[in-house]
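There are 2 protein chains.
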Amino acid sequence: MIAEEFKQMLGQKSVIRELSEYAAERAKQVGYENVFDYSLGNPSVSVPRAFTDKLIELASSEDSMAVHGYSPSLGITSVREKVAASLSERFGLNYKKEHIFMTSGAAGALAHALRAVVTAGDEVITFAPFFPEYTPYVHGLGAVLKVVPPDTETMQINFEAFEKMFSSKVAAVLINTPNNPSGAVYSTETIKKLAAFLSEKEKEYGHDIYLISDEPYREIVFEHVDAPYTAQYYTHTITCYSFSKSLSLPGERIGYVAVNPDCPDAALIITMCGQISRGIGHNCPPSLIQLAVAQVLDMTADLSVYETNMNILYDGLTKLGFSCVKPGGTFYIFPKALEDDAVAFCKHALKYDLILVPADSFGCPGYFRMAYCIPTEKVERSLTAFEKLAKDYQ
Amino acid sequence: MIAEEFKQMLGQKSVIRELSEYAAERAKQVGYENVFDYSLGNPSVSVPRAFTDKLIELASSEDSMAVHGYSPSLGITSVREKVAASLSERFGLNYKKEHIFMTSGAAGALAHALRAVVTAGDEVITFAPFFPEYTPYVHGLGAVLKVVPPDTETMQINFEAFEKMFSSKVAAVLINTPNNPSGAVYSTETIKKLAAFLSEKEKEYGHDIYLISDEPYREIVFEHVDAPYTAQYYTHTITCYSFSKSLSLPGERIGYVAVNPDCPDAALIITMCGQISRGIGHNCPPSLIQLAVAQVLDMTADLSVYETNMNILYDGLTKLGFSCVKPGGTFYIFPKALEDDAVAFCKHALKYDLILVPADSFGCPGYFRMAYCIPTEKVERSLTAFEKLAKDYQ
Chain A
1 MIAEEFKQML GQKSVIRELS EYAAERAKQV GYENVFDYSL GNPSVSVPRA
51 FTDKLIELAS SEDSMAVHGY SPSLGITSVR EKVAASLSER FGLNYKKEHI
101 FMTSGAAGAL AHALRAVVTA GDEVITFAPF FPEYTPYVHG LGAVLKVVPP
151 DTETMQINFE AFEKMFSSKV AAVLINTPNN PSGAVYSTET IKKLAAFLSE
201 KEKEYGHDIY LISDEPYREI VFEHVDAPYT AQYYTHTITC YSFSKSLSLP
251 GERIGYVAVN PDCPDAALII TMCGQISRGI GHNCPPSLIQ LAVAQVLDMT
301 ADLSVYETNM NILYDGLTKL GFSCVKPGGT FYIFPKALED DAVAFCKHAL
351 KYDLILVPAD SFGCPGYFRM AYCIPTEKVE RSLTAFEKLA KDYQ
Chain B
1 MIAEEFKQML GQKSVIRELS EYAAERAKQV GYENVFDYSL GNPSVSVPRA
51 FTDKLIELAS SEDSMAVHGY SPSLGITSVR EKVAASLSER FGLNYKKEHI
101 FMTSGAAGAL AHALRAVVTA GDEVITFAPF FPEYTPYVHG LGAVLKVVPP
151 DTETMQINFE AFEKMFSSKV AAVLINTPNN PSGAVYSTET IKKLAAFLSE
201 KEKEYGHDIY LISDEPYREI VFEHVDAPYT AQYYTHTITC YSFSKSLSLP
251 GERIGYVAVN PDCPDAALII TMCGQISRGI GHNCPPSLIQ LAVAQVLDMT
301 ADLSVYETNM NILYDGLTKL GFSCVKPGGT FYIFPKALED DAVAFCKHAL
351 KYDLILVPAD SFGCPGYFRM AYCIPTEKVE RSLTAFEKLA KDYQ
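Those protein sequences? They're chains A and B, same order as listed. Going by UniProt numbering, the first residue of the first sequence is number 1, and it counts up by one from there. Going by UniProt numbering, the first residue of the second sequence is number 1, and it counts up by one from there.
The set of hints was computed from the structure by calculation and includes no laboratory data. Since the structure is predicted, the reported quantities are computational estimates derived from the model, not experimental observations. You may find that some hints are simply not true.
It does not matter which identical chain is used: a pair holds within one copy or between any two.
Restricting the straight-line Cα-Cα distance to at most 30 Å, the calculated cross-link-like pairs of lysine-lysine (DSBU-like) are [claimed, not checked]:
1) 193 to 164
2) 82 to 7
3) 28 to 96
4) 146 to 193
5) 201 to 7
6) 336 to 192
7) 146 to 7
8) 28 to 82
9) 97 to 28
10) 82 to 54
11) 96 to 347
12) 192 to 391
13) 7 to 351
14) 336 to 164
15) 146 to 82
16) 378 to 351
17) 203 to 7
18) 97 to 7
19) 326 to 347
20) 96 to 7
21) 391 to 336
Next comes chain A alone, as it looks inside the complex:
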């Protein structure tokens, strides 16, 4: 009596995982330094020293249960208070602990946010290019995920297509800015236009429409880039955050749901998250990690290498004739492939030990994603390989 639903999913092996396994194999043959593995979004910089120090201090505590004991189901109260205070100070909204729910990373945050405001039969709209895991998140609820085609000129929102696809069945709109995989950051203009449209539709349909803002890359924004905080522009915003990228600890599974304090149901949604946890096997992020992260909330790892790498790649690739929107943040860049079939293109790139991810699964065929969270010297050396690759298409 094996559950067929999940058995079927086994067939769909992740392209990214396949590529990264290939890269690991290839590294054994030609040496790790000669494989330009741009496949995996694993941060390449160290956790801040302050985080490690706080973690060790906590672990050394005589009061074992104060550190390793059960967390309340909504998260450790002092941690929620600190997260609320930090968000309020930074973004000017009046967050209290009642608006914060601690989660196992952004995945945990999205799982709860979606369950809180979306039920079976509802529609959720997102925008290509998009993080492919949104599909199982939404399908698992019995809801429908509709993907708005990309605006490849700007990698902002394709409002024309969006407005056409919108209906009264839409319970939530799911955005990801700074964006994986495009690296684009939605501008204040984009967010304002989106907020105005949703407010209008709320009035027209007579029900709330939630904006779920997936922001694990919020702290990786490059110089002079306009990066608005979504919740400031729309009342029914549920912010989903992860410290994975900002603190370089993706394996420690720590993040939160923050509901806009101006949302009348904010506190209700948070207490509901505690109920949603029951049954899905979530039950709070690790206590030790909650407590340690709460000590370094306003810190980040040294993220500057990402901007350095981005500039090298953006300049190098555009010079070689690639077309590409300049990333405003994240550690991704998203150029157009040199042939229509990005899968064929990425396969061809393997000839030069360039591991690139075709963007078909991101809802943007013809493009490819590069995760440049790798050493800068390797990024530089990879340009020679790109030169050879580009020549093959001249």
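Following the hints, complete the assembly by docking chain B onto the known chain A.
Showing chain B alone in chain A's frame:
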């Protein structure tokens, strides 16, 4: 568009939580030492020093990503190998990493095990007294949880009632031994009888029936108690484990699913767990904790205090006229209340600052649970309070 299903759940405030909040309030008035709080199953002993040392050693590593990086979706490979080796050595089954899936505690393990072998419309059978969180676990799948009434004479399985309730719709049987709340440990005789019955039913109905064995208290078994390892007796066993109690770190959310290696679908179920994780927001237990626990797999915290406390309580309570099956493990004892209505009894006990949990929500009305993971001297002092309580019923 708030999801009504979870909003409705908010009404059902947990009795245990309510009592423990009352106990905390009362402690402020009369002093912590004067409140005998038996409500919460939070381990009272420290994590082993070796765990803390390994954790600090790992956290101090120069290679930040090797410690804090993403875990593969089934768990860190070296950790799965070590868990498999430890189980094989201890229980004589040939576990390999292919049979192990790392989870966020037992809750995560149960969420995956149930989803792997139970689908909407199926029935799951469990035995009273039972852990009340099984209800949302099973209902969340659209399946039906059937609870076999208790055998209060022995707190083993009431086979007569069980056999009557069994039907071809049963996809899985869920047991918890050593048991929360009764403290009973299923004997070899019980497990053999259960296994034989299920094997017979598998033949009769022509489909697999899984035995999901929830074993977070496996390491807390008292002297001379017969405590069989369930998977040794039944091929289709899925073992759900948590290190919360054995290592005293319930807040760190670490456990595993182990499928009997002799089960033909063992490796399939484990890879399916990786797919189940997608969408429910699970995504692996924390890397640092996985790595640290793997270093102390065959260790436990000093659990001896639980047996000491149990003996004091068992002797003291039976002398006062309470009837009670002697616990074989865990840190729970489960006496019969001195009046039919255990809720009224527990309310009355508050008069003497005894915080006891009525067992109605455990499917065993008329009984109450005591979690004696508190200091021994407090257990001793509490007997005076019990004496006063018992007098009121003479």
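Hint-by-hint comparison with the structure:
1. 193 to 164: within (15 Å within a copy, 63 Å between copies)
2. 82 to 7: between (42 Å within a copy, 26 Å between copies)
3. 28 to 96: Classified as between: cross-chain Cα gap 25 Å, same-chain 51 Å, threshold 30 Å.
4. 146 to 193: For residue 146 and residue 193, the Cα distance is within 30 Å only inside one copy (20 Å; across copies 52 Å).
5. 201 to 7: between (39 Å within a copy, 24 Å between copies)
6. 336 to 192: within (28 Å within a copy, 63 Å between copies)
7. 146 to 7: both (24 Å within a copy, 26 Å between copies)
8. 28 to 82: Intra 45 Å, inter 25 Å, cutoff 30 Å: inter-copy only.
9. 97 to 28: between (49 Å within a copy, 23 Å between copies)
10. 82 to 54: Answer is both; intra-copy 15 Å and inter-copy 29 Å each pass.
11. 96 to 347: neither (50 Å within a copy, 34 Å between copies)
12. 192 to 391: neither (43 Å within a copy, 70 Å between copies)
13. 7 to 351: Answer is neither; intra-copy 34 Å and inter-copy 55 Å both fail.
14. 336 to 164: Within one copy only: 26 Å inside, 65 Å across.
15. 146 to 82: Cα proximity of residue 146 and residue 82: none, with 36 Å in one copy and 43 Å across.
16. 378 to 351: Within one copy, since 17 Å is at most 30 Å while 71 Å is not.
17. 203 to 7: between (43 Å within a copy, 24 Å between copies)
18. 97 to 7: Intra 40 Å, inter 19 Å, cutoff 30 Å: inter-copy only.
19. 326 to 347: Cα proximity of residue 326 and residue 347: one copy only (24 Å, versus 66 Å across).
20. 96 to 7: between (42 Å within a copy, 21 Å between copies)
21. 391 to 336: For residue 391 and residue 336, only the intra-copy Cα distance (16 Å) is at most 30 Å; the inter-copy one is 83 Å.
Consistency note: the structure conflicts with the earlier hints numbered 11, 12, 13 and 15.
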